[in-house]
Structures are given as C-alpha cells and as structure tokens.
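Trainee: The primary structure of each chain is shown beneath.
Number of protein chains: 2
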Amino acid sequence: MGRGQPLQSDENSGPVTERGRRTRRKLLDAAKLEFGEKGFHDASISDITRRAEVALGTFYTYFESKDEIFRALVRDFSDGVKEAAAAGISASATALAIERDALAAFLSFAREHKEIYRIIDEAEFVDPASYRAHYENTAQRIFERLKAGGATGEFRDDITEADAWAVMGMNVFLGLRYAVWAKDDDAIEDVPERAMQILKRGITA
Amino acid sequence: MGRGQPLQSDENSGPVTERGRRTRRKLLDAAKLEFGEKGFHDASISDITRRAEVALGTFYTYFESKDEIFRALVRDFSDGVKEAAAAGISASATALAIERDALAAFLSFAREHKEIYRIIDEAEFVDPASYRAHYENTAQRIFERLKAGGATGEFRDDITEADAWAVMGMNVFLGLRYAVWAKDDDAIEDVPERAMQILKRGITA
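Protein sequence lines, in the order shown, are assigned to chains A and B.
In terms of the UniProt record's numbering, the first sequence opens at residue 1 and continues consecutively.
In terms of the UniProt record's numbering, the second sequence opens at residue 1 and continues consecutively.
What the hints contain is simulated information worked out from the structure, not anything from laboratory work.
Honestly, I wouldn't trust all of these hints.
[Stated by the list, open to error] The following residues of chain B were derived to be distant from chain A, with all beta-carbon distances above 10 Å:
id : residue
1  : Val-54
2  : Asp-76
3  : Gly-80
4  : Lys-82
5  : Glu-83
6  : Ala-86
7  : Ser-90
8  : Asp-127
9  : Glu-144
[Unchecked claim] Chain B stretches covered by chain A per the calculated footprint, using a threshold of three residues with CB under 8 Å from any CB of chain A:
id : segment
10 : 151 to 158
11 : 173 to 183
12 : 187 to 194
In this text, a Cβ means the ideal position worked out from N, Cα and C, and glycines have one as well.
Extracted from the complex, chain A is given alone in its bound form (with noise of 0.2 Å):
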C-alpha cells in the first residue's frame, strides 16, 4: 500500500490517479466475477483480491467493506448500462429507432456481462436501494426518450410514465430470455426488430 495509491478513495468522487482509476477497475472485475459465481453471501474479499491480483490490504483503500464495493459494483453495471444504451442511441435517425438501437446495445451489453442479472437481482436483498434506484432511473430515462418523441409528434403526445416502465419491462426480459438464456437457434439479431415493431404498431394484425 501506499506508492501510486489514490490520495482519498471517496467512493462519489473516486481515486484521483490514473493508476488508482486502474487499480479499482480492476477490483470492480474481480468482484463482478466473483459476486457473479458465488453470491453475495458466499463471496470473499480475499477472493476478490486474488483474483483482481492485488494485495489484501490494497482492496480497503478503495473499499471499506464487502457490502460497499457490492454497492458500487451495482452503481457501476447501472451506469454500464446507461452508457451503452447512449453509445447506442448516438446515430439514430428516429424515436422508434432509437428505442430499437437501446434495446441492441443493451442485448450486447448483458451478453457481455451475463453476471448482471444475477448482481443486480441480489441487490434486491443485499442493497435494496441500489435495486429499487437501477430501475427507477432507468424508466426516468426511459421516459424521457419517449416524451421526447411525443413532442416532435412522432409518439403519442399522452405518453405517461406506465409506458416507460412497460417498455423496461420489455427489455429486461427479453434481455432474460435472449441474453442470459439464450439458446443455440435463437434468433438474437432479430428481437430489436421485434419489440421495435410492438411500440410502432402494436401486436394487432
């Protein structure tokens, strides 16, 4: 401990190195991973360290406790998922488009990191703020997206937020089925295409 460290590991504003940055990047891996196998409760620090391939000791200048970087871990897949879905949306031409294109980019990112669901629906026990927050603004901005394309006209102008939280609700299960679950002749390419086609016409013939 000590030489390349952080000089304070306050967990909003973070380390302020770039070595420190790496250090608990690293450490976030490692506990996705090893909360991702084993559960909260079966999980260990001294796992997580080894496995992130650092000292022991170095793991408590980033965190205090095995429930804080479960914490942060949570924070960490919500913003994961925010992110993607921005980088996603960037170039579409349309408010169906981009709601199509948020659902890719979030398939892809859950494909990537299958440990999501498992963390984040542990946090539903472990950290039932995080869980209750992950959802809460995800559908807040949810439902920005779709006023957004109330206003320009192109979705309905009475869009309420029930519509937003229908259309998380959409994503994360298909992400359940087709990311998490996913068999071999699925046809993962086609369900942004699918869900899309439910919010521009609906499922009537």
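Given chain A, put chain B in place with the hints provided.
Mentor: For chain B alone, kept in the frame of chain A given last:
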C-alpha cells in the same frame, strides 16, 4: 401428530384429507409471510409453525425441509398467477381484452400478495430451476394466448416467442411499479388499459 393427518405427504399428490389440505395451506400462508419478511436465509421452520399455529413436528408431515417448503411456495405462487389470470379472462371478449384482463388480474394478485416479487426473485438464488420454470411457463401461456389471437386474425399471424416475453416483461414491471412500489397518487386502475393500448397500436402517434 397422527390424528387427522394426511396418509402421505408426497408433494405432487399432496395431503389426501380435507384437514390435511387445510394444514398444508396454513403452513404455506405462514411461509409466505415468513420468507416475505425475513428472506430465505433468516426464515426458520419454527417461526413458520408458530405463525401457522401448528406444532413444530406437524411441519415434517408436510415438508422435509425449509428448502422444500420454499420450493412448494414458489410453485404455489406460480399456480396462483396462472389461476388469477385464468379467472380474470374467463369473460373477456377479444384477444386484446384477454391481455388487458390478464394484466388487471395479475396486478390485483400482486397487490394482495406483495411478497410474491421478493419470493419469486429470491428463488433465482435459492432454487434457480423453479425461478426459470416460473417464467418459462408463464411466457408459454402468454405465447399460446397471442397465437390464438393470431389464428382468429385479431393479432398478427407472425407472433413469435419474443412477443410473449415482451408482454410478460411489461406485465412484471408494471406489477413491480404499480403493485409493489405503488405511490398514493398512482392511477393504478388505468394501467391495464395503457398496456392494452401499446399492444393495440404501439406508442406511435
């Protein structure tokens, strides 16, 4: 133990006497409160029997372990969701009305049994096979309904499994928001109609 007890307690066929069925029901209702409040790990068989007002030994006439009553409770909830939806749609006039009424019945069920989310979600960790079976079976039922609507020409004729998972996701997250996390000023009674509008014509203007 002994008097009025079921002749056998195999979990598939269940108790054979009416008194046995009532006792098993009391244990499941008590387990719902116990697991719902404390979670699986902190719940205890002795507190379940205390809540059910039956002798501790009686528990083992019906269930072998805490794991077994938890699994039975997940199946019981899964059956409850299925039966509530079936009752809700018995008089529905159209395929769209079936989806609206099924959601309304699910929201009522979830408001009456708010523990359902916590218990089904904890099954992801305590009993992953039951967790997956619950959602796969529910999606399959929705898929059959949507295909039936396709066969009569009310829904599109190219309904896929992804459409069913999308509808299930909408319903699950509308239940999370408007049954479990309901706020005082929510217009909960409007939610099934809002969801049906999405299925009818999407969210486009």
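Trainee: If any of the earlier hints don't hold here, list their numbers in rising order.
Mentor: Every hint satisfied by this model.
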